[in-house]
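Chains as they are written, first to last, in this note's numbering: chain A, 1 to 310; chain B, 1001 to 1310.
If you are wondering where the hints come from, they were derived from the structure by calculation, not from laboratory data.
All clues given are correct.
Which residues of chain B face chain A? A few of them, derived with a C-beta cut under 7 Å, are:
hint: 1; residue: L1202
hint: 2; residue: K1208
hint: 3; residue: N1212
hint: 4; residue: A1214
hint: 5; residue: S1215
hint: 6; residue: L1218
hint: 7; residue: H1290
hint: 8; residue: K1291
hint: 9; residue: M1294
hint: 10; residue: Q1297
hint: 11; residue: R1300
hint: 12; residue: F1301
hint: 13; residue: E1304
hint: 14; residue: N1305
EDC-like cross-link-like pairs, simulated, lysine to aspartate or glutamate; straight-line CA separation at most 20 Å:
hint: 15; chain 1: B; residue 1: K1115; chain 2: B; residue 2: D1097
hint: 16; chain 1: B; residue 1: K1280; chain 2: A; residue 2: D221
hint: 17; chain 1: A; residue 1: K115; chain 2: A; residue 2: D84
hint: 18; chain 1: A; residue 1: K280; chain 2: B; residue 2: D1221
hint: 19; chain 1: B; residue 1: K1155; chain 2: B; residue 2: D1097
hint: 20; chain 1: A; residue 1: K283; chain 2: B; residue 2: E1224
hint: 21; chain 1: B; residue 1: K1208; chain 2: A; residue 2: E304
hint: 22; chain 1: A; residue 1: K283; chain 2: B; residue 2: D1221
hint: 23; chain 1: B; residue 1: K1283; chain 2: A; residue 2: D221
hint: 24; chain 1: B; residue 1: K1208; chain 2: A; residue 2: E306
hint: 25; chain 1: A; residue 1: K208; chain 2: B; residue 2: E1306
hint: 26; chain 1: B; residue 1: K1165; chain 2: B; residue 2: D1179
Sample of chain A residues lacking proximity to chain B, with all beta carbon distances greater than 12 Å (derived):
hint: 27; residue: C130
hint: 28; residue: P136
hint: 29; residue: P174
hint: 30; residue: Q243
As the structure is a prediction and not an experimental result, all values here were calculated from the model.
For glycine and all other residues, C-beta sits at the position ideal for the given N, C-alpha and C.
There are 2 protein chains.
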Amino acid sequence: MRKLSYAVIGTGAIGGYYGGRLALSGQDVHFLYHSEYDYVKANGLDVKSVNGDFHLNNMQVYNNTESMPKCDVILVCMKSTQNDKLPQMLAPIVKDDSTIMLIQNGLGLEQELAKSFPNQVIAGGMAFICSSRVSPGHIIHADYGALTTAYLNNKYDEETAEQIKADFKNANVPYTQGDDLNMFRWRKLVWNIPYNGLTVVLRTTTDKLMQNPASRQLITDLMEETVAGARACGANIKDDFVQKMLSNTDNMEPYAPSMRLDYDNHRQMEIRAIYSNPVKMAKAAGVHMHKVEMLEQQLRFIQENEYNAK
Amino acid sequence: MRKLSYAVIGTGAIGGYYGGRLALSGQDVHFLYHSEYDYVKANGLDVKSVNGDFHLNNMQVYNNTESMPKCDVILVCMKSTQNDKLPQMLAPIVKDDSTIMLIQNGLGLEQELAKSFPNQVIAGGMAFICSSRVSPGHIIHADYGALTTAYLNNKYDEETAEQIKADFKNANVPYTQGDDLNMFRWRKLVWNIPYNGLTVVLRTTTDKLMQNPASRQLITDLMEETVAGARACGANIKDDFVQKMLSNTDNMEPYAPSMRLDYDNHRQMEIRAIYSNPVKMAKAAGVHMHKVEMLEQQLRFIQENEYNAK
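Just chain A, same shape as in the assembly (with noise of 0.2 Å):
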C-alpha cells in the first residue's frame, strides 16, 4: 500500500485534532493556518484529548495553499461559510486523484465542490465529537471522537479509501465508511437543525430547551419536519429515529451547539448549509418544512442585524 499525504484544510477544533492525530500516528499531514500559523509553527499544536494528550512540534504548517504540495486526502475542516472561496483555494493542491473529504456541517456541499472538481473524489465526513480550541495551538477533545464518512454518488478508488480507513484506525480514530451520503446528512441534520438554531434564537443552552414542555415539543416538531424533508428527498429516516435522538440529548450534558459558539464569538453562523439548503431541497421535493423555514428566516435577522450592529 502507498503511503498517502495529507492536507488539513482549516485547522481548528475539528481539524486540529483529526489532523493532529494522523501526524502523531505518522502520517504526512500538511496544516493550513491562517491567525494562528506564526503560533503554531513556533509552538507547535497541544492537545488535550480523553483518548491521550499529545503534543506535536515541527509540523508541516502553511499560511496559504499556494506553498503546499498537491495531496492526495484533502480534509476540508473549515466552516461552510467560506465554501464560496474552496475552489480557488483548494486549487493548488488538488491532484486528478485527488480525495477532497468535507468534514463539515449541512447539507448539498458535497454537490456544490463536484462542479468545480468533477473529475475528483469527494467525501464527507460527519465528525461526532466534542473537540473546542480554546487558545492558539491549545485544542481540547473532550468527548466522542468518530468519523463517518460516505463518498458522493458512491465514486471513490477503492484501494485509496482502504488506505484511508487504515490510516485514520491506525491514527486511533473510530473511523466507519458508509454507502448513504445522502442518508448520514439528512441523519445529522434532525439532531443539527433544533439545536443549533434554538440555541442561538432563545439564547440557551441544550438542556433548558429539553427541560421546558413547549420548546421541548417544538424541538420534536423541528425533527419531524427534518424527517419529512429527509424521506422526500429519498434519505428514508427509520420512526424511531426522532425519538433516539431526544433521549441521546436527555443524557447529554449541558451543551451549547457550534453555531451557538459561533454566535457567541461574532463568527457568521452557517444557515446556508444547515437551514436554507435543506428547505430548499426539500421543497422543490414537495415537502414545506415550515417550522425549520422559520428558524432560518430568524438566524438571517439575528445575523444580518446583531452582528452590524456589533
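We have chain A; now place chain B onto it with these hints.
For chain B alone, coordinates are given in the frame of chain A:
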C-alpha cells in the same frame, strides 16, 4: 336617556385614558387601582395627550371591587393574563343588565367570560391607540385613540349601546360599533401575532423587522397563516389586508408592541389570548398555523425560563 355608571377595571395606559376622558366629560366613572391606588387617590390622574392634556382630581378610586358600586358599563382594561380571576373580581359590581366590555387583545376572551356571566351583555373593544403609563398616575397618549366595539353574538340592549356610543363621542373618543366581533378580533391578530411575538423573541422593534428581508418575509408568512386561520374560523378577511398591514407598519414610527413592553418589564405576556387560543381554534377548524404555533412555543420557553431565572 339615562345616565350610565362606568367602572374601569385595570386602570393602566388604556383604561386610564378612556376612563379619564369619560370622567373629564362629566360621566360617573369608578376606577379600580392596585399599586397606584394611594398615589392617584392623593394626586389624581395626569394625562398628556395629543388630543389635549388634562388632569383629574377627586376621582372615584377603589382598591378592590367589593367596595365599588354595581355599574351599568364595566370596561375591563387589564392584561388578559389575569382573566382567570375576572369572574370573581367582577361579581360584586355586575348587575343583571350590566354591559361588560373587554378592551383587551386576543381571541376567545368574551366567550370565556360569558360562561360566568351568561345573562349579561358582553362586548369586545379593539383599541387603536399608542398610550403608555410612564409613572404612577401619569399617562402619555402619543397617537391614535379610536375604539371599535362589537357585541358577543350581537346580543345587546339597543338603548344602552346608543348611550355608550354617545358618551364616548361626547368624551372625544372616536367610537365605532360593528357587528362582527370574530372578524374584528382576527383582523387585529393579523398585526398582533407577528409583531408582538417577534419583537420579543428577536429583541427588536417593528422597523428593524420590516427592513430585513428574512424577517419581513416571516412577518408576511405569519400574517398569511393568520388570515388562513381566520377564514377557517368564519372571519373572511380580504386578500389585500396583509399588504395593507405591511404598508401601515412601514409608515409607523419604530415601535415596541405591548408584549415587548411586558417582556422588558418582566410582566407576564399575553401568550394564551394572542397565540394559544387562535392556534387551537384554527386547528379545530382544520388550519394548522405552523409558524404562529412556533412563535407560541418560543414565547412560552422565554416566559417560563427567563422569568424564573430573573
